[in-house]
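Participant: Quick mapping for you: the protein sequence lines, in order, are chains R and V. One gets this note's numbering by counting positions in the first sequence from 1 and adding 60 to each. No gaps in the numbering here: position 108 of the second sequence is 105 in this note's numbering, and each next residue is one more.
Think of the hints as simulated: they come from the structure by calculation, not from any bench. Wrong hints could be hidden among the right ones.
Negatives, chain R to chain V, calculated, CB over 12 Å [what the hints assert, rightly or not]:
# : residue
1 : 62
2 : 65
3 : 68
A few chain V residues facing chain R, derived, Cβ under 7 Å [as the list claims (entries may be wrong)]:
#  : residue
4  : 10
5  : 35
6  : 39
7  : 43
8  : 47
9  : 50
10 : 60
11 : 63
12 : 67
13 : 81
14 : 84
15 : 86
16 : 88
17 : 92
18 : 186
19 : 189
Small disclaimer: the values here were computed from a predicted structure and weren't measured. We treat Cβ as the ideally placed atom computed from N, Cα and C, and that holds for glycine.
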Amino acid sequence: MDLSEFRRHLSTRGPDIHAWPDRDAALTLLAQSDDAVALLAAAGADAPAPSRRETDAILAAARTKTTS
Amino acid sequence: MPTRFTHDLARDLTALSDEALFEACRHGDERPFRALVDRHAGIVRRLALNILGDAHEAEDVAQETFVAAWRARQGWTPEARFTTWLHRIAVNKAIDRYRARRATPEPHEAITRLAEAAPAAEVENQHQALERRESALSLRDCLARLPDSQRQALTMFYFEDQDVARIASALGATEQAVRSLLKRGKQSLRTLIQRQKSLRGHGSFRIPATPLNARP
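Extracted from the complex, chain R is given alone in its bound form:
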């Protein structure tokens, strides 16, 4: 799969790549192309901000990993 095909699928199928029939090809492209990652990220730009709990959990994990 190339970037233009990825862009086309993203537009027609939506960003849930796990449900794409050719998801393995899409993941191979994503593993290699920052442009593909940027396209996927742009498609999810409306993602809700993390909750306070989620942020705290991430910071706690970072703290633990730093001190362990």
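Knowing the structure of chain R, use the given hints to seat chain V on it.
Facilitator: Relative to the frame of chain R, chain V by itself:
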């Protein structure tokens, strides 16, 4: 690391670019990092969800991504945009998990093996063997209803005799995340089993406290 900051400082931080915030993290200050997490954890989680299709796993990936970023802050050089770098970490971790999931034997196979093996126990009479087989099949049903990440971790730990470190490696997760998955999975499984037992009104099985093939 300081964990509280004033509204003025928070306003100052929100005005800074991602790159400036991450630069400010280099001295171990948690406040700019919190601002980055607030700004980007949502999209990082969404990226992982798009690839994995599992909300719990996506949350784990988001956490692992920021932990990796925090640990890498000293050596980071702003050659690319911070988000390009951060999203790359997240996507790689999600893809690794996806591929590890594919490489892991279908949990049902392990459970079915247990179910098939149960009647072979010579010391059991036929009734006990049948009851054990039914229990194993019920356990399989309950496992199938767990989120993917919890099911994989439980199956690998209890039925494939793999330790936490190996599971973490296979799933591309931290050992702490695997322990968390095992704990949550066990709690969920216990609830499902109790629900199923109360519906059927008979049969009994329990979640082992240690792996079924626990090493000495």
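Participant: Give a verdict on every hint.
Facilitator: Do the hints match the structure? See the list:
1. Look at residue 62(R): its CB is around 17 Å from the nearest CB on chain V, clear of 12 Å, so calling it non-interface holds up.
2. The claim that residue 65(R) lies off the interface holds: its Cβ sits roughly 17 Å from the closest Cβ of chain V, which is beyond the 12 Å cut-off.
3. Interface exclusion of residue 68(R) from chain V stands, the closest Cβ pair being 16 Å apart, more than 12 Å.
4. Using the Cβ-Cβ criterion of 7 Å, the hint placing residue 10(V) at the interface with chain R is not satisfied: the shortest such distance is roughly 13 Å.
5. Against a cut-off of 7 Å between C-beta atoms, the interface hint on residue 35(V) holds, since the closest Cβ of chain R lies about 6 Å away.
6. With its C-beta approaching chain R no nearer than about 4 Å, residue 39(V) sits inside the 7 Å limit, and its interface hint holds.
7. Taking 7 Å as the C-beta contact cut-off toward chain R, the hint placing residue 43(V) at the interface holds, the least distance being around 4 Å.
8. A hinted interface residue such as residue 47(V) counts as satisfied when its beta carbon comes closer than 7 Å to some beta carbon of chain R; here the least separation is about 5 Å, so the hint holds.
9. With a least beta-carbon distance of about 4 Å to chain R, the hint placing residue 50(V) at the interface is held under the 7 Å criterion.
10. Proximity of residue 60(V) to chain R holds as hinted, the smallest CB-CB distance being about 5 Å (cut-off 7 Å).
11. For residue 63(V), the shortest C-beta to C-beta distance to chain R is roughly 5 Å, which falls under 7 Å, so the interface hint holds.
12. Hint status for residue 67(V) relative to chain R: holds, with the closest Cβ pair at about 4 Å, below 7 Å.
13. With a cut of 7 Å, the hint placing residue 81(V) at the interface with chain R holds, because the nearest CB-to-CB distance is about 6 Å.
14. At its closest, the beta carbon of residue 84(V) sits 5 Å from a beta carbon of chain R; the interface hint therefore holds under the 7 Å criterion.
15. Given the 7 Å rule on beta carbons, the hint for residue 86(V) is violated: about 10 Å separates it from the nearest Cβ of chain R.
16. Taken as an interface hint, residue 88(V) checks out: its beta carbon lies about 5 Å from the nearest beta carbon of chain R, inside 7 Å.
17. Taking 7 Å as the C-beta cut-off, the interface hint given for residue 92(V) holds, the closest approach to chain R being about 5 Å.
18. Because the beta carbon of residue 186(V) sits about 23 Å from the nearest beta carbon in chain R, more than 7 Å, this interface hint is broken.
19. The beta carbon of residue 189(V) comes no nearer than 24 Å to any beta carbon in chain R, farther than 7 Å, and the hint placing it at the interface is violated.
The structure fails to meet hints 4, 15, 18 and 19 from the earlier list, while all remaining hints are met.
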